[in-house]
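J.: One letter stands for each residue in the lines below.
2 protein chains.
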Amino acid sequence: MSQFWSEVVNRLTPYVPGEQPKITNLVKLNTNENPYPPSPAVLEAIHHETHANLRLYPDPNSSRLKQAIADYHQLNLDQVFVGNGSDEVLALVFQALLKHDKPLLYPDITYSFYPVYCGLYDIEAELIPLAEDFSIRIEDYRRPNGGIIFPNPNAPTGCLLPLTAVEQLLQMHPESVVVVDEAYIDFGGESAISLVSQYPNLLVIQTLSKSRSLAGLRVGFAVGQADLIDALERVKNSFNSYPLDRLAVAGATAAFADDAYFRDTCSKVIASRESLASSLTQLGFEVLPSAANFIFARHPQRDAVQLAASLREKGIIVRHFKLPRIDQFLRISIGTEEECSALVTELTRILHS
Amino acid sequence: MSQFWSEVVNRLTPYVPGEQPKITNLVKLNTNENPYPPSPAVLEAIHHETHANLRLYPDPNSSRLKQAIADYHQLNLDQVFVGNGSDEVLALVFQALLKHDKPLLYPDITYSFYPVYCGLYDIEAELIPLAEDFSIRIEDYRRPNGGIIFPNPNAPTGCLLPLTAVEQLLQMHPESVVVVDEAYIDFGGESAISLVSQYPNLLVIQTLSKSRSLAGLRVGFAVGQADLIDALERVKNSFNSYPLDRLAVAGATAAFADDAYFRDTCSKVIASRESLASSLTQLGFEVLPSAANFIFARHPQRDAVQLAASLREKGIIVRHFKLPRIDQFLRISIGTEEECSALVTELTRILHS
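Residue numbers (the numbering used here), protein chains in the order written: chain L, 1 to 353; chain V, 1 to 353.
Check before you lean on any hint, since a few could be wrong.
Each pair may be met inside one copy or between any two copies, as identical chains are not told apart.
[What the hints assert, rightly or not] Derived pair list, reagent style SDA-like, types lysine to any residue, alpha-carbon separation capped at 20 Å: (1) Lys22 <-> Gln67; (2) Lys22 <-> Ala52; (3) Lys314 <-> Glu19; (4) Lys314 <-> Asp259; (5) Lys314 <-> Arg302; (6) Lys268 <-> Ser278.
Note that these hints are calculated values from the structure, not bench results.
My request is simple: use the sequences and hints to build the entire structure.
T.: Following this line, the structure appears as structure tokens:
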């Protein structure tokens, strides 16, 4: 605290991302990165863009990338917004579309950046408890609100809300913006992007960090009808004209062009997830049904903090959240086949010792 | 306007950046980019970083880059903040350090993003008129305030405030944060970074977009004492954990290592500026004294809008601001020797026709 700080700084509780350890040779299953590298076409596009023109500002509208996303998802150009990772997109969404007189609704167990954004923008929120089985119950959202947001699949549970339920929610609150945060949708869910043309209150957010293996490049996007996108553009252009650098635009555009690679790596992650879930179940874990690139699991006889510490000693990092209802769970990102095997071997050893 | 928009969206007047034309073969002297490419070491560092690890999140603290900046400017690591271009850094500064009960002070003629940030964060501002000769008069800032910000050299005038005057301002208002926005300082001014250890109320902002030829990479930074930097970190970590991607960190770090290239290109730009100022003066222009990589000039007999339009017809783009006091000026970025010559040739033709 300091006399120089604006009042907002004092009330913030910043988000703490998963550890990015500087030592190598770790089996890093803590931040839901893709175990496979980006498409070779992405690396090639970045190499191609690395030249003298880096002296010039990028296109402030990132039109090339927006067009690639619009083409990929059969949208109009004015239905696409891009940002410096989906965290930046989410921040702008909270500021531009989710601050109203009535409270914002989101699940009690969800992406832990949501309450941070509410603190930053002074947005009142009402947390809606997940059901006992950690699913989202649409009927619990039948109450006055100034907006609704949830990840689908949810984080850190991995549980998927079917598209029919998303549509019920859109119909239940036509006067509210419903934001579906689809960071993990490509690993097993059906995207709500197909509903954009029918629902003016729908905004869908996706990222290239997970299913397109580009966490290091920082590219996310939102799609919705033009007036929702316009609100985001207005705030973005009052904050930073050029959030995406030239290399990010080139790489991200190339990622949408190589669809075969995208489908192949998603399939591999999904297969590893199913195999890992089966192995963990055999080891006595309760494993929530996951449609994401991670698994959320607890062992009825073993403390989660101790399990995470034992794994860490062996060079395997998973994520633990010290939060009500979920403090006995571990969130385990899906690694390569080899990394998943190493995890199962180590857990077997720990549980039998 | 839409029922879905948060109230803030309705009151925004977004910033409009200088045109980034998609056609090539233009002499582009409108957005103060460096005419010389980035250092070859920067391009090499980016190539080297373009590999499978783009699947992994970057270091959320960009520690490598902060250390390079700290070493370069002989600062501690906790005195350096980095962001996605100095526009993002400025936005976070307005939010974290410049919103107080008393008004923020800045010059009436200055970087036109400042009033936009005030609109975004609902900050009251008081505009202090520049002197007749477009210089900043320190005595005019002797009034109650919740912070002071100005570019040095100022934009779009190019006029430099001497470091002794900056220091007087710091001493005049020890209770206020004084932000010196040094986007153009390397082209002829003395940085206030040397004063950081003495003045807890000083924050200096710089960018790699101009003097380091990296507008396309989006990297800016702020330096000040640790509690000012802490405020920025807290807001940044409530907005976006990873604003700098892996390629930006690698390229920007390499830029600080190649000091010889930096000094050489700055010298060339300065020499071209002096030569261009002299040529424009000979053509009858009034040229403000510039310490930046652009020139601000007006012709007593020719309308600025018409001059800009005539140049545009010949493929030369300069910037015009339709604002009080300066609507007869053109802001001309310093190009290569060839580009400056092309401009002078064309202006000579226009003025003699």
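J.: Starting from the hint list further up, note which numbers the structure goes against and sort them upward.
T.: The structure breaks only hint 4.
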